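Top to bottom, those sequences are chains A and B. Quick note: the first sequence, position 61, residue 61 per the numbering used here, numbers continuous. Numbering-wise, the numbering used here comes out as the position in the second sequence, counting from 1, plus 1000.
If you're looking for bench data, these hints aren't it; they were derived computationally from the structure. Since this is a predicted model, take the numbers as computed values, not measurements. The beta-carbon is built from N, C-alpha and C at its ideal position, and this holds for glycine as well. Do not take every clue at face value.
From the structure, some residues in chain B lie toward chain A, with a derived Cβ separation under 7 Å [unchecked claim]:
1. L1128
2. G1174
3. P1177
4. S1208
5. L1209
6. L1211
7. E1257
8. I1259
9. T1262
10. H1447
11. P1463
12. V1478
13. I1549
14. V1553
15. L1556
List time: in silico PhoX-like cross-link candidates among lysine-lysine, alpha-carbon distance up to 20 Å [claimed, not checked]:
16. A:K22 with B:K1410
17. B:K1498 with B:K1410
18. B:K1498 with B:K1418
19. B:K1418 with A:K15
20. A:K19 with B:K1410
The chain contents come next:
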Amino acid sequence: MHATGITPPQGVWWKPAHKSEKVWATIAFVWCMVLFAMMPFWHLRGGQNPSGIRAKVDPLAYQARVMEFIQDYQVGTDAGFPVVAPPPGSDVYLIGQMWAWLPVLQLEKGAEYTLHLSALDVNHGFNLYPFNVNFQVVPGYDYGLRIVPTEAGEYGVVCNEFCGVGHHLMVGKVIVTEPEGAQ
Amino acid sequence: MKTLFRRCPTTGLAVHKDADALIKANAVAATVALLVGGVAAVLVLLTRWQAVHLLSDVWFYRILTVHGMNMLIFFILFFEMAVLYFASAVLLNSRVAAPKTGWIAFALMVAGALIVEWTMLTGRADVLFTSYVPLKAHWAFYLGVILFAVGAILVTTIFFATLVVAKREKTYAGSVPLVTFGAITAAIIAAITLLHGAAIYIPTFLWSLGLMDVDPQVYRLVWWGLGHSSQQINVAAMVAIWYLLGALTAGAVVVNEKISRTAFVLYILFISMASAHHLLVDPGFGPSWKVVNTSYFMYMAVLASMLHGFTVPAGIEMGMRLRGFTQGIFGWLRRAPWHDPGFSSLCLSLVVFGFVGGITGVTFGTEQINIVAHNTLRIPGHFHATVVSGTAMAFMGATYYLIPLVFRKKISFYGMAKWQPWVFSAGMLVFSMAMTFAGTFGVPRRHWDITFSGAPFGVEYSPAVDLLFALMAAGGLVAAVGGAMYILVTVVSVFFGKPLGDDLSESALAGSVPPGLYTRPFAELPTDDDEAAQLKEHGRLGPMPGTMILVAVFFLAFVVYYFANWKLLSAMWQIG
Ligand code: HEM
Ligand SMILES: [Cu+2]
């Protein structure tokens, strides 16, 4: 009798596969290699990679650095939050904490920045609206992502990692302006 | 196959009773967890649907924790314990190696689960099922999880011991059946998984008592070593059930034991890498680590699933053809037992798992594409298509056979049982696809209020999101009805159902149990010579032309969705 999944196969079951199975296995294998190769390929050619500069950091030291950053480049306030306009090419900082993103960043379109993300208390999630760009923000770790804003406008920063009961109130803001020369 | 029925087990009566009783206890516990998790599902669903917004913020996160724990941990694992007893003692016609330990394990799991329920419902564990450190729950929460896990590891050990007993006592001839082989795979992965579990929950328990520190990033790494590997247990168990149901309902054959078993082994080999795709946009790991690990070393586990995705329908096609349903390319599929809830569950599970769960999973687990998926509704959209539409659906289908085979009862409300897989699966399909699409607009998961009232800055989603939320609610509610139908049928059958009786003929059983039990298609398969003749009959597409076409459609959908996501990604800000 033919073996089904519930009958013990008798004798040697290591037999050559049918041709159809070989064809499918080959297609599947090649596809898996494509899936794999796409990732290194995008590191070489693509514009979006989650690599960044990664370091451990003491949350208090991170907080001190951000306070200094705010002091150096603050240009105003918005809804009680400092608005900070750092020069193009510089390191910019964002703190996630229960339950706010600090500060409001004002960036220039087309300029490169290193955006540092870290948290002071628990995990938070960086989600840039409407551009659906997401990063995990972990306390004790500094994630420095080189970013180039490609469109001017106002962006929301939504927290998308559960961080306690005020989680849904945690919205920040990033403003991207046209570069000064272009205006 | 007569052993499955054990109509008159002259030998080892007491022994079979142990297996039966342990399966029953675990299946009942699973159903209770499903009920609790299901009620929680509806509450959470009606809160996320902003038009209703039922629960308060505190209770939303609390009940979401209840939903995750009851469904993903308690329901799934209790059911898997039943599967392990079934695949060892029942399929191998053996006694359970250590029934007393089996009961101790069950008691530990129930006690652990009850402790966890208590901490959650009294607001001592508002941390969601992932409980990311340093979000802190009451120490009893972690202790409960540890007790539950210890119980599960004991059952896994009993499973292996039962295999040894069966081999030594020669309860079967030849190699273990494929379904058991799949269960062995699941059990080996379970052992690895539970080691990760110990490695993370014991330190976290001590941390909650103030006795040690736990690094938040290391927690995420090791926790997902547990959290994702356990999904691989679910996949292996589900695939084993696909083979089981295929044989029972449609007389599916194993086209090639070598291919199917190798595919199972691939699941085991790369499993400890599974945590990476949860950490692709985390700060703690570099790109090479992410690329190698998220792909489980070059997508070998994906390859395995793609192989099963072929061999399961191919086995059904071959089985049907061997039994004479040879008409055209899809004649076997048209004539398949669609009215058998075991068969429809199997097919719906396979299709939704593959087309929705599998394709989205591989795509979102790509290092860079994860940037546009992480922690959005795309993620619960994906896993409700895998672990719910796939695993839970397969488990439900298996229940319709377990009730007569193990509980020895007829199925009450059999007409409802026939509809149940369709209702549950259709609802879940709409629900998970609506969530996945809402996620592409950036809508976060685990979020009480996406109107952000009271937040310092406003964010307003596209109006399409409102529509998607309404679809999500509609699909989710239909699925909840499907879940309720399942619970009603199984509970009434088990506790108040008519006994199966000794007459296993069609006239005695038709309309009260799935037809596979009396038509017994698996016993009707012809000999190898017929197979040779059958294989010659077909043209270029080979002996299973229908399956070839089905997998071609699947492959096309996969390629299109995958590259569409790269396109989506390339429109974002530059990030590096
Ligand atoms: C009728 C059936 C179900 C419905 C309507 C449903 C609905 C939901 C909803 C609305 C969420 C919240 C998504 C979010 O806000 O992030 C959710 C989360 C979840 N569901 Fe379900 N669900 C169902 C069945 C299941 C089953 C059977 C399982 C597991 C086997 C499951 C596992 C989960 C998990 C693990 C989460 C994530 C919890 C978290 O993010 O902490 N669900 N479900
Ligand atoms: Cu937050």
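Tell me, in ascending order, the numbers of any earlier hints that this structure violates.
4, 5, 6, 9, 11, 12, 13, 14, 15, 16, 19, 20
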